[in-house]
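Student: Listed below, chain by chain, are the residues.
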Amino acid sequence: MYDWPLLSLLIWLPIATAVLVVALGNSHESLVRPVALIGALATLLLSGLVYLGFDTATAAYQFQERVLWIEAFNIYYHLGVDGLALPLVLLTTLIGVLVIIGGWTIEDRPHLYLAAFLVLEGLMVGVFAAMDALLFYVFFEAMLVPMFLIIGIWGGPNRIYATVKFFLFTFFGSVFMLIALIWMYLQSGSFQITDLHQLPIALEAQILIFLAFLIAFAVKIPMWPVHTWLPDAHVEAPTGGSVVLAAVMLKIGGYGLVRFSLPITPDAAATLDWLVIGLSLVAITYIGFVALAQSDMKKLIAYSSISHMGFVTLGLFLTFAIARNSGSLAGAGLGISGAMVQMVSHGFISAAMFSAVGVLYDRVHSREIASYGGVANVMPWFAVFAVLFFMANSGLPGTSGFVGEFMVIIAAFHANFWFAFVAATTLLLGAGYSLWLVKRVFYGEIGSHTVAGLKDLHTREWVVMVTLAIFVIGVGVWPFPLVEMMEASIAELLSHIVESKIK
Amino acid sequence: MSIKALILLSPILPLLGSAIAGLFGRQVGRAGAHWVTILAVMGSFALSSYVAWQVFLNDLPTLNYTVYTWAVVDNFNLEVGFLIDSLTALMMVVVTFVSLMVHIYTIGYMHDDPGYQRFFAYINLFTFAMLMLVMANNFLQLFFGWEAVGLVSYLLIGFWFKKESAVKANLKAFLVNRGGDFGLVLGVAAVAYYMGSLDYFEVFARAPEVSDLSVNLMGDASWSVMTVICICLFIGAMGKSAQAPLHVWLPDSMEGPTPISALIHAATMVTAGIFMVARLSPLFEQSPTALSFILIVGSVTALFLGLIGIVQNDIKRVVAYSTLSQLGYMTVALGVSAYSVAIFHLMTHAFFKALLFLGAGSVIIALHHKQDMREMGGLGRYMPITAVTAWLGSLALIGFPFFSGFYSKDMIIEAVKASDRAGAGFATVAVMAGVVVTSLYTFRMLYLTFHGQTRMDEHTRSHAHESPWVVTVPLILLAIPSVAIGYFTIEPLLFGGVLADAITVSPANDVVAKLAYKFHGPFEFGLHGFVTPVFWLAMLGVATATYVYLFSINVATTVKTRFHWAWQVLDQKYGFDSLYQKGIAGGSLALARVLSTWFDSRLIDQLVVNGSANWVGRFSALTRKLQTGYVFHYAFTMIIGLVALLASFVWLR
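Chains A and B are the protein sequences, given in the same order. Counting in our numbering, the first sequence runs from 1 upward without gaps. Counting in our numbering, the second sequence runs from 1 upward without gaps.
Bear in mind the hints are in silico, worked out from the structure with no lab data behind them. A hint or two may mislead.
Stated by the list, open to error - Derived DSSO-like pairs (lysine-lysine); straight-line CA-CA distance at most 27 Å:
1) B:Lys-582 x A:Lys-439
2) A:Lys-439 x B:Lys-417
3) B:Lys-417 x B:Lys-163
4) A:Lys-439 x A:Lys-455
5) B:Lys-162 x A:Lys-439
6) B:Lys-518 x B:Lys-370
7) B:Lys-417 x B:Lys-514
8) A:Lys-439 x B:Lys-573
9) A:Lys-165 x B:Lys-370
10) B:Lys-560 x A:Lys-439
11) A:Lys-455 x B:Lys-573
Fair warning: this is a prediction, and the values are worked out from it, not measured in the lab.
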């Protein structure tokens, strides 16, 4: 079975399902949802096969497929996954199923809605599996289109503003990346990412390339101060859109940093690491405060996402500061592992929190915290899940939210006491905005007549909540398999980035 | 079954019990829920006792082993594992015994509550978390247990989540504890960095290598690494063990049902900080500076927070401030390197304070959930068992000779006197003065509740009666160790070297050893207790309370009016609450709003992001006017351009 082109299947099966779903369209509306679900489930199962067949002992790219695509520019349709890509691929296929289940009740053109998500899923897998930089770029840009449609068609009242902002921001960033890629192609004659990893580049050029990548990926993550598109996009997006955006799309920025910036321009990264570390610490504290002031649940979670992604960028760029501080690399792997775990964990937790807001929004049609109060009285089971997820968001040990942050804080201490000090403020800020929301929405007397009439979770919502809870707790209690999956690739990355590429 | 399997079962049983009662509460019903959870804790207590028997009487060597590997990353082996030695065994028995008593008691206390099953699920879960904390053999698991007990505490303080005061209190408790955890995480990170491991034994082994290192944190001031590590870790303990100024959450935690006040906020969870410092004694011994810091914090807590107890009218709050003060005593003991004495007082306090809380709860049941002592009085007649056990607990608390609290508290005072650590002089005054304060508020509470005139309304009085057996039996079972445990355990615990395998004290600091030659057995020590100044200080408090609250209650009012300023200082709890509420919480929120509105929305988003978009828009609106679509406009423009070009050529020539 492993000689099948599994990665291609993971990309094209959802897209083919999307085509089928659109074709079924209005004529066979009853089939649309089951077919979409079957497609997503089949993709999930296939990704499970990839997981089972994946050899964690090696840093090599596995399940490779390579076909010449555009001969004139030496561009290949080249796929493969290593320990850094695979966890994110698995996250994508899991979230892919959950958003189909979550989008079951959409009534406005459900076939197009579900198809957009399936296409998006395939393209996102493509981003993580691409080994050719131009192929990566194509997936990276293409994925904007379905998300653009999802927010623009099924979004809230101010959706056009939000979509245009979202599109311009990300597009603006990626243009710089394209220029950098073309420059490197002219130098090396190849778009293959592993070739680019080997390409010697002078420091000045490295810095320019590094900044180009940083702009592209910082917008995606998003990092302060290019983050303001995210709250708007989340607020206007339908629940499924928010889930995919927070759970997977933001991770593409972090993945880009670890796949491109660190290995291609290590010297520039070592020179400019203060910039990324500084912006990360600003994200953790400043954005933490901003989250505290939000009165809209989705905005609050959006800011929380930015703050938590600060741990990703911090963890990834601690290596050089650690080397400077202690003269050894002990702790650097902890930072990068922590960053990667944080990405996966945030995928689960943000998906769970946005789904939880969706549960409330479907019933009450309000995102305002003030519209609620005492929800635990009428939806006790929902409250159990919500408390779990918001606790996970505030980094409770035993949940996945703790693992990455803990590792990054320890790694930060290896670099500088004050990095760890500032990063650890998340213990207070994260708990502050998460639990204050819980208090205002779930606890207290029943807030209104609308809340009084609420019904607890129904079966499909149960499925989504239980699935995410299993992963949130599973990774928190036993992160071993996840960490092990990445270990070899992170060691390889570390050995690569400490070698100068200046020739 | 091997002993390791039995040990593992000890925390697993309550975890399972909690899962059954919590997830299937409706299916198992009320009786099912309490049976499942009580049997789980009973099993856990039996196993803990077996382990203790093996450790204390059969000399089971220290067990230190991994249960499973949590993660392996970057040469760090992060594991879940157990360290079973005398300290662990002692804590396991105390935790599971008090937990069992509270479980049984809860049947009576929560009898009419709709959240019956949920409550049992929580306290079972708590037992699991607390066991994981005390059984840990590494910092990661310590932190897990630490935060897990905090979670359950949060859930239980907010158990009646409709009550606004309860959900305020639980948020406050969690956040203040997070303030402590902030220090703890930094301490753990420091340990990871300097010792390269999170395993207790590996860290202890490497501690001497680190003791000479120093670090510059700010400017040129050089700090000993050990001091930084220990103070950071102790800040965590200050949160959990409610030491000033991180104590503010504990009195408010009384919003939770009384059984958990006894279990979590008196006997077990709040002593986690004390336990941690004792467990990490090999580290703390390396830093006299940190120990002095601990000593001062403990002294301040012991005296000044005890004082607040005198002006409280809510019976539970009196006991709560008493708990703060007693935790201060334990901290003082830690500060003079008398770790074993701290653990000894932790144990005796667990029994008599759980007893006092459950006694207060019994009164509260009788009065239909009234807690104001001004509406009590004379209850001894109606509830004799509660009154007698409360008396026994109170005598233990004030340190009356031969009662358990006498042995532990007197040893703390003796240890402080014998110590030459910086701050010991202040500490001596604080703990001696604390004795008067303790007996004053304790007897004030006894008299106002059980003696004197009845001050409740007729309806309440006519319904007041002794609580059912599920309530009184735990009281009696807790009264026994409250009276006797000190007498029987002081010698082995402090002078018999029972805790020597778990606690490290450098010979120069060993005040307990200095006291050993003065100690001639518990009976002698008890007799001698009647002639010490400490005893007369305690009697001074008792006499004052007796005079004022039994005979001439008007004196209290007179004192209150004459020394109104002092009363106000105590009633305002030295202003800590308003400082936190207005200063820190309010200040953070105000800052958050300013950052959100002015910085994020207006400056970054409106001005920079949308501003540049608008600028592009305006520019293109201008240029768009050039694109009129009329051919003659373009033709005209071309002609103008041509003329201008030609003109420039001519001109520049």
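Student: Against each hint, give a clear statement of whether it holds in the structure.
Tutor: Now for the hints, and whether the structure bears them out:
| no. | hint | result |
| --- | --- | --- |
| 1 | B:Lys-582 x A:Lys-439 | holds, 19 Å |
| 2 | A:Lys-439 x B:Lys-417 | violated, 47 Å |
| 3 | B:Lys-417 x B:Lys-163 | violated, 46 Å |
| 4 | A:Lys-439 x A:Lys-455 | holds, 20 Å |
| 5 | B:Lys-162 x A:Lys-439 | holds, 10 Å |
| 6 | B:Lys-518 x B:Lys-370 | violated, 47 Å |
| 7 | B:Lys-417 x B:Lys-514 | holds, 11 Å |
| 8 | A:Lys-439 x B:Lys-573 | holds, 26 Å |
| 9 | A:Lys-165 x B:Lys-370 | violated, 58 Å |
| 10 | B:Lys-560 x A:Lys-439 | violated, 38 Å |
| 11 | A:Lys-455 x B:Lys-573 | violated, 44 Å |
Consistency note: the structure conflicts with the earlier hints numbered 2, 3, 6, 9, 10, 11.
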